[in-house]
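In the order they appear, the protein sequences are chains A and B. FYI, my numbering numbers position 266 of the first sequence as 266, with every residue one higher than the one before it. FYI, my numbering numbers position 115 of the second sequence as 115, with every residue one higher than the one before it.
Keep in mind that the hints were calculated from the coordinates and are not lab data. Careful, some of the hints might be misleading.
With a straight-line Cα cutoff of 27 Å, these simulated DSS-like cross-link-like pairs (lysine-lysine) come out [as the list claims (entries may be wrong)]: (1) A/151 to A/175; (2) B/12 to B/141; (3) A/175 to A/253; (4) A/342 to B/230; (5) A/384 to A/151; (6) A/54 to B/230; (7) B/111 to A/342; (8) A/151 to A/254; (9) A/135 to A/151.
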Amino acid sequence: MKKQLIAAGVAGMLALSLAGCAGSSGGGATTNPSDTSTSAPANNGAACDNTITKTNLPQVTVWAWYPAFGPVVDLFNQTHDDVQICWTNAGQGGGEYDKFTTAIQAGTGAPDVIMLEFETLSSYTIQNALVDLTKYGINDIKSNFTAGAWKDASVGSGVYAVPVDGGPMGLLVRKDIFDKYNVPIPTTWDEFATAAKALKDAGYPGYITDWPSNGESQLLALYEQANAGASGFTYDAANPQQLGINFNTAGTKKVQEYWYNLVKQGVVANDDAGTTDYTTAMVNGTYASYISAAWGPGYLSGASGGSSDAVWQAVPLPQWDKANPVMVNWGGSSFAVTTQSKQPELAAKVAMGIYGDMDSWKIGVEQAALFPTYLPMLTSDYFKNLPYPFFNGQMINADVFLAAGQGYTGVVYSPFTPYVRSQLDQANAAMMQGQSDADTTIDNFQATLVQYAQDQGFTVTQG
Amino acid sequence: MSTSKPHGYQPKRIPSQVFLVILCVYFLIPLWWLLVASTKSNPDLFVSSSGPLWFSGHFSFFANLSGLSTYSNGIYWRWLGNSLLYAFVGGIGATTISVLAGYGFAKYNFKGRGFVFALVLGSVMVPATALVLPLFMMFSKLSLINTIWAVILPSLLSPVGTYLIRVYCQEALPDELMDAARVDGASEFRTFWSVSIPQLRPAIVTVLLLSVVATWNNFFLPQIMLSSSKLWPITVGLNYWLTHSSVGSTSEQVWNLVVSGAFVSIVPLIVAFLFLQRYWQSGLTLGSLK
């Protein structure tokens with residue numbers, strides 16, 4: 001009797017909650033709430049963020065975090081008669097990862113397909129949370145993607161996600177400032193250091209750029225550039241206890257020394273990234289350039305309306321050796337299939353199909369400012385010749401980012417990226433407070449990572 | 001009492017008054033900042049000659065409000081509605097349960113009362129955050145994850161509220177009053193409803209306010225339990241916009257919406273406080289007289 005009562009109570013509450021969701025979703029939807037609740041997969045508690053009209057088809061749940069994903073989902077659902085996407089915005093970055101991690105621990109609650117940044121993939125493969133897509137035919141579409149993105153989506157020989165966007169890096173410069181002080185725009189890091197001093201000597205009150213102690217993505221990419229594109233880690237999901245850590249190379253130390261000296265000379269700023277002061281300095285002319293990813297302009301334009309006299313231009317990232325340029329990447333995102341999915345084959349199909357054509361990519365480029373790793377879009381005339389109003393119509397893809405995106409060869413991430421990043425923050429902050437010089441900072445950083453990896457049970461190889 | 005003395009210049013009070021003014025300024029500056037910032041456009045938030053604590057030339061408050069209504073199909077108002085739902089269902093539920101439990105603890109003698117009350121007191125010490133993962137496991141068994149109940153059910157329990165009501169019952173509700181009602185032939189329920197509840201009104205309002213505010217400010221529980229952005233309360237929603245505004249791929253700078261959204265979201269709480277304040281104040285004085 002008691003059990004029945006509880007069951008009835010729970011069922012009643014469930015019915016209430018379902019009715020509540022359906023009732024307030026509104027918007028002239030033709031969806032019948034009882035239809036969605038019966039055809040939706042078991043792990044889909046709430047209604048989707050999008051409206052599904054073909055309610056008789058099987059549904060795949062997808063987590064992705066940007067508003068412009070809505071039209072991409074609608075396009076997919078319109079053009080597919082075998083499966084429909086039920087999209088949920090579960091939060092951006094950490095917000096979504098918190099939920100995914102909790103769901104992995106609880107053994108339930110994860111979606112079929114999840115948007116993940118490349119750097120997080122191996123932290124989830126080590127928990128057996130992601131499906132190796134090679135058994136669902138992802139190798140058949142390998143030729144659609146840049147080599148770098150393919151490597152980023154792979155953990156060893158397994159491919160655990162479908163690449164979506166990348167962040168090839170370039171230098172965004174305030175051309176008006178360089179022109180005003182009659183300083184040439186640098187193409188190598190040597191020229192960059194010279195330009196930094198020349199700007200100061202000519203009376204420019206700001207800094208050529210900022211070197212943020214906490215700008216991990218940016219800094220890791222700059223280290224990689226001096227290491228022929230290597231991240232410092234070697235890792236393979238097939239051998240999950242083996243980890244190679246090789247951070248304290250001559251290349252990394254050279255980069256660290258370079259920026260340390262420029263900051264000490266007072267020609268490069270050392271403000272933390274992500275603060276409001278940093279954004280202000282970016283748009284009010286305190287920094288004359290921004291070491292940025294391809295989506296940087298789309299982001300900057302959101303706050304730059306205040307200084308209309310600014311003239312921005314995108315140029316290739318300076319190189320250490322102009323004869324052997326190394327292209328680096330800020331980061332990027334992908335779609336992975338979770339091991340909690342009860343329909344992995346269908347989920348893999350959806351993950352591969354979401355950005356599997358030019359029409360969805362047009363939405364991605366124009367509405368979400370995504371930089372494609374999908375070669376048909378990346379190499380299309382449309383993308384090459386796209387003018388950017390922020391740069392007064394400069395075709396930045398043809399000029400800068402196309403070469404950067406195609407030249408990027410991919411990196412290996414460690415299975416504990418958040419730890420790596422927080423330690424890098426601390427190491428750099430300590431260096432800037434004078435606790436260690438550039439060389440020891442990198443050696444200490446290496447030692448910290450090795451110690452941590454060993455404590456976690458990895459067999460670590462160095463050098 | 002000092003009421004017979006004339007008010008006015010009293011040199012002895014000056015240091016304490018200066019101290020209070022400093023405290024006032026200290027606590028009101030963030031609010032003032034929020035009010036000013038909610039009238040600024042996105043670029044003005046960063047590049048404004050008037051500084052962060054004064055209005056810029058362009059008054060964008062209404063533009064921001066309409067941004068709240070149009071961005072992502074006006075999901076902001078849905079988040080605000082969710083917060084109201086969770087806070088008031090959770091708050092009223094928690095108050096009801098606290099009143100019943102606290103009254104029972106204070107006025108009835110039953111076996112194990114001390115032990116059970118010690119359990120309640122002990123649970124005050126357990127931070128709600130520590131219970132999120134076990135709750136997630138339990139709710140996922142009941143398929144309540146990603147439903148409004150995953151947020152409402154845990155906020156129905158308020159050990160602090162139970163404790164407050166019990167103490168208040170003991171102090172402000174004389175047993176003689178209840179006995180008189182019983183002698184007059186009132187049932188236990190009638191005694192509770194018609195005699196005790198009116199006496200407890202200040203305590204009830206206090207507990208209601210405390211639990212509404214606690215549920216309104218709840219962040220970690222809904223952050224973990226609710227994956228669908230349609231169910232988020234305002235805390236989780238604004239935090240998402242904040243992350244969405246930080247530098248990254250697919251990010252958009254919607255700082256003006258974060259700021260004006262935060263400003264609008266505190267209005268209901270301020271209204272609730274002003275509205276319930278007179279019950280509350282009378283409650284505090286009543287308590288002090290007893």
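Practice task
Would you pick out the hints that fail for this structure and give their numbers low to high?
Solution key: Failing hints, ascending: 1, 2, 3, 7.
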